[in-house]
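Based on the hints, put chain B in the right spot on chain A.
2 protein chains.
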Amino acid sequence: METLKIIKIGGNIIDDQITLNAFLHNFSKIKGKKILVHGGGKLATQLAAQMNVPVKMIDGRRITDAATLEIITMVYAGKINKNMVAKLQTHQCNSIGFTGADGNSIVSEKRPINTIDFGFVGDVVTVQTQTIDVLLKGNITPVFCAITHDKNGQLLNTNADTIASELAIGFAKKYNVELYYCFEKNGVLKDINKADSVIENINTSTYKTLVADGIIADGMLPKLANCFYAIAHHVQKVCIGKPDMLFNPNPKHTTIQA
Amino acid sequence: METLKIIKIGGNIIDDQITLNAFLHNFSKIKGKKILVHGGGKLATQLAAQMNVPVKMIDGRRITDAATLEIITMVYAGKINKNMVAKLQTHQCNSIGFTGADGNSIVSEKRPINTIDFGFVGDVVTVQTQTIDVLLKGNITPVFCAITHDKNGQLLNTNADTIASELAIGFAKKYNVELYYCFEKNGVLKDINKADSVIENINTSTYKTLVADGIIADGMLPKLANCFYAIAHHVQKVCIGKPDMLFNPNPKHTTIQA
Chain A
1 METLKIIKIG GNIIDDQITL NAFLHNFSKI KGKKILVHGG GKLATQLAAQ MNVPVKMIDG
61 RRITDAATLE IITMVYAGKI NKNMVAKLQT HQCNSIGFTG ADGNSIVSEK RPINTIDFGF
121 VGDVVTVQTQ TIDVLLKGNI TPVFCAITHD KNGQLLNTNA DTIASELAIG FAKKYNVELY
181 YCFEKNGVLK DINKADSVIE NINTSTYKTL VADGIIADGM LPKLANCFYA IAHHVQKVCI
241 GKPDMLFNPN PKHTTIQA
Chain B
1 METLKIIKIG GNIIDDQITL NAFLHNFSKI KGKKILVHGG GKLATQLAAQ MNVPVKMIDG
61 RRITDAATLE IITMVYAGKI NKNMVAKLQT HQCNSIGFTG ADGNSIVSEK RPINTIDFGF
121 VGDVVTVQTQ TIDVLLKGNI TPVFCAITHD KNGQLLNTNA DTIASELAIG FAKKYNVELY
181 YCFEKNGVLK DINKADSVIE NINTSTYKTL VADGIIADGM LPKLANCFYA IAHHVQKVCI
241 GKPDMLFNPN PKHTTIQA
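So the sequence lines, in the order shown, correspond to chains A and B. So in the numbering used here, spot 85 of the first sequence is number 85, and the numbers just go up one at a time. So in the numbering used here, spot 177 of the second sequence is number 177, and the numbers just go up one at a time.
Next comes chain A alone, as it looks inside the complex (with noise of 0.2 Å):
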């Protein structure tokens, strides 16, 4: 089976211009078959302090009520999507932007309310390759942000690393899927003070361990999560670290293994 690289770049990349050019720069090099998914990074609560827009919390997690869905929608698929598709196209890396609404690629739910009503967030229920993979076919690369869309019109925020591993579990079936989470760390690390102490494999059983000794924690849980959730579901490959893992020979990160 062909290769397809599933890319999911965080904050900390889209955030500074500089990086985020080198990054897509090098990104464009990348040969055959890819896909970018990004999260939003600060832009959006910048642009809710702007205009004065509260941002809402709830025992610490983040409330999607309908004005911040509206600054989301105008932040991840207008200003940040469409400013990457332009860069990319700078490197001749033909890119079209979508969110799950358009070609109808990826619905999801909004989440039930059981002690916190979390708003305009939704969880994933299917993802339809048929329209992306014409798209791929043809040599392009969709740039996925993280919004879904319930079918009955309504948009849904949506984890972005959530969509890097649904979108990899979709096309499990047809590509050889490699999924990669880049974020700020070398990978996952055994001291979270030490940059190069960098867990080089995580297995199942591994795993338990490193969540038992609290090793692996916090926002780290819900990451690793989707990792395995990949590797349970027919995804080839499954890396955690720095973008430099895909650009250079052997940089250390994290692969997750069944």
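It is possible that part of the hints are untrue.
Because identical chains share one entry, a pair is satisfied inside a single copy or across any pair of copies.
Claimed, not checked - DMTMM-like cross-link-like pairs, simulated, lysine to aspartate or glutamate; straight-line CA separation at most 25 Å:
#1 208 - 218
#2 151 - 15
#3 137 - 117
#4 151 - 65
#5 42 - 59
#6 174 - 133
#7 151 - 16
#8 252 - 196
#9 29 - 150
#10 194 - 213
Just so you know, the hints here were simulated from the structure itself, not pulled from any lab data.
Below, chain B alone, put in the same frame as chain A:
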């Protein structure tokens, strides 16, 4: 040749949610291949006011400075475009939102500075139909907002009427293209105070007389220029009127002829 309908809608449809929903419902029922092009309406001006970004005008012409371009990108390509796409999906009209940067479909150049520097405003240079055509053949409806790019990483604000006529001309070799400009009036009016004084046919010769007599003036001049430009470049049919002209049998509207 197969027919391709290119339909441009303006602010009067976009600014009112009920009108827009009704339009999108009817639009989704149009059989055959179609492209939707939309402007921005009042929403960008509203956001600019909310963000305290002053509207810059020179000689009554709006200037697109960097802050304004950012707002336009967020509102046109984010908020308006993605909500339209989500809404069309509810009507089983599979669509993808586009700027000219997406698929490298519309390349423009920053308008040269003569007496006025319009800022980040783009005049269309080339339309690339290949990727859009792949989508049309896959029963997908592209939805274009009024933004293009210069292939050097710069997004540019571009007149939506022009985008519609340039797309129409670009596809005129492959399709029997029909171009519809939907606006708030029944068509070009003989007497601006009489809604039913529609001039049903205008050709190159009568156009000159209507301009000389001052019947076609102001904002109608660039609109008509786009119409005749399209007709002169093998677009089969160009109509101006209310969206009704698309959905109902024979409501009054203006048809442009060579």
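For each hint, the structure was consulted:
Proximity of residue 208 and residue 218 under a CA criterion of 25 Å is satisfied intra-copy only: 15 Å inside one chain copy versus 71 Å between copies. With identical chains, the CA atoms of residue 151 and residue 15 are at most 25 Å apart between copies only, with a shortest distance of 23 Å across copies and 31 Å within one. In this assembly of identical chains, residue 137 and residue 117 lie within 25 Å of each other by CA distance neither inside one copy nor across copies; the values are 40 Å within and 41 Å between. Taking the closest pair of Cα atoms, residue 151 and residue 65 come within 25 Å of each other only inside a single copy of the chain (19 Å); across copies the shortest separation is 36 Å, beyond that limit.
For a Cα distance limit of 25 Å, the shortest separation of residue 42 from residue 59 inside one copy, 20 Å, qualifies, whereas the shortest one across copies, 37 Å, does not. Taking identical chains as interchangeable, the C-alpha atoms of residue 174 and residue 133 lie at most 25 Å apart whether they share a chain (9 Å) or sit on different chains (24 Å). Taking the closest pair of Cα atoms, residue 151 and residue 16 come within 25 Å of each other only across two copies (22 Å); inside a single copy the shortest separation is 34 Å, beyond that limit. In this assembly of identical chains, the alpha carbons of residue 252 and residue 196 lie at most 25 Å apart only when taken from the same copy (8 Å versus 73 Å across copies).
For the identical chains of this complex, residue 29 and residue 150 are inter-copy neighbours only, at 21 Å across copies versus 34 Å inside a copy, given an alpha-carbon limit of 25 Å. Taking identical chains as interchangeable, the C-alpha atoms of residue 194 and residue 213 lie at most 25 Å apart only when both belong to the same chain, with a minimum of 17 Å there against 79 Å between chains.
Taken one by one, the earlier hints fail for this structure only at number 3.
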